[in-house]
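> Sequence:
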Amino acid sequence: MIVSRSGMPPAAWTDHGHAIVTPCTADDPVATHATSVSALRLAVEWPAAGVVVVRIGGEIDLSTVPRLTEVIRQRLTAAALNTVILDLSGVSFASSAAIELLLHSQRRADHRGVQLFVVPGGGAILRLLTITGLRERFVCRETAAQAVADAGV
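Sequential numbering from 1 applies to the sequence shown in UniProt numbering.
Think of the hints as simulated: they come from the structure by calculation, not from any bench. Errors might be hidden in some of the hints.
With beta-carbon atoms standing in for the labels, derived distance ranges [claimed, not checked]:
1. Gly133 <-> Glu70: 15 to 21 Å
2. Ile131 <-> Val71: 22 to 28 Å
3. Glu136 <-> His104: 17 to 23 Å
4. Ala80 <-> Ala39: 17 to 23 Å
5. Arg67 <-> His111: 19 to 25 Å
In this text, a Cβ means the ideal position worked out from N, Cα and C, and glycines have one as well.
Construct the entire structure; sequences and hints are all you get.
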């Protein structure tokens with residue numbers, strides 16, 4: 001999460017306005033959210049031929065989406081792939097950038113003829129999909145194991 005601090009001295013300003021800084025320590029008053037969640041975690045598993053599970057934990061925001069986009073793009077362009085499962089149950093924070101990531105992933109999967117399952121979990125991703133009305137846009141499953149079973153391999 002990037003936090004903008006008001007009242008910063010002019011030395012911290014950039015040529016284009018105020019600098020945007022992240023909290024430095026747990027004592028920093030703007031650090032409450034940033035220190036309560038863990039960093040981005042990624043794991044890629046191949047539970048069956050043609051099926052890949054990308055497990056994502058931590059925060060999905062503007063700073064983490066480029067890395068996630070690249071990992072998912074690599075998996076969606078794999079040769080003998082027919083199913084991608086995005087296990088997002090470990091995501092503790094999701095900004096609107098997560099919606100963009102999911103929509104982009106769905107478009108790429110559709111274009112490649114690859115089945116995409118989303119495991120939103122019960123936290124941030126599920127709330128975001130529900131609030132935006134996009135839950136029905138994705139093929140969601142309760143667990144990655146259920147998605148693997150439904151992949152039909």
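> Decide, hint by hint, whether the structure agrees.
Verification of the supplied hints:
no. : hint                          : result
1   : Gly133 <-> Glu70: 15 to 21 Å  : violated, 28 Å
2   : Ile131 <-> Val71: 22 to 28 Å  : holds, 25 Å
3   : Glu136 <-> His104: 17 to 23 Å : holds, 18 Å
4   : Ala80 <-> Ala39: 17 to 23 Å   : violated, 32 Å
5   : Arg67 <-> His111: 19 to 25 Å  : holds, 21 Å
Hint compliance for this structure: hints 1, 4 are broken, all remaining hints hold.
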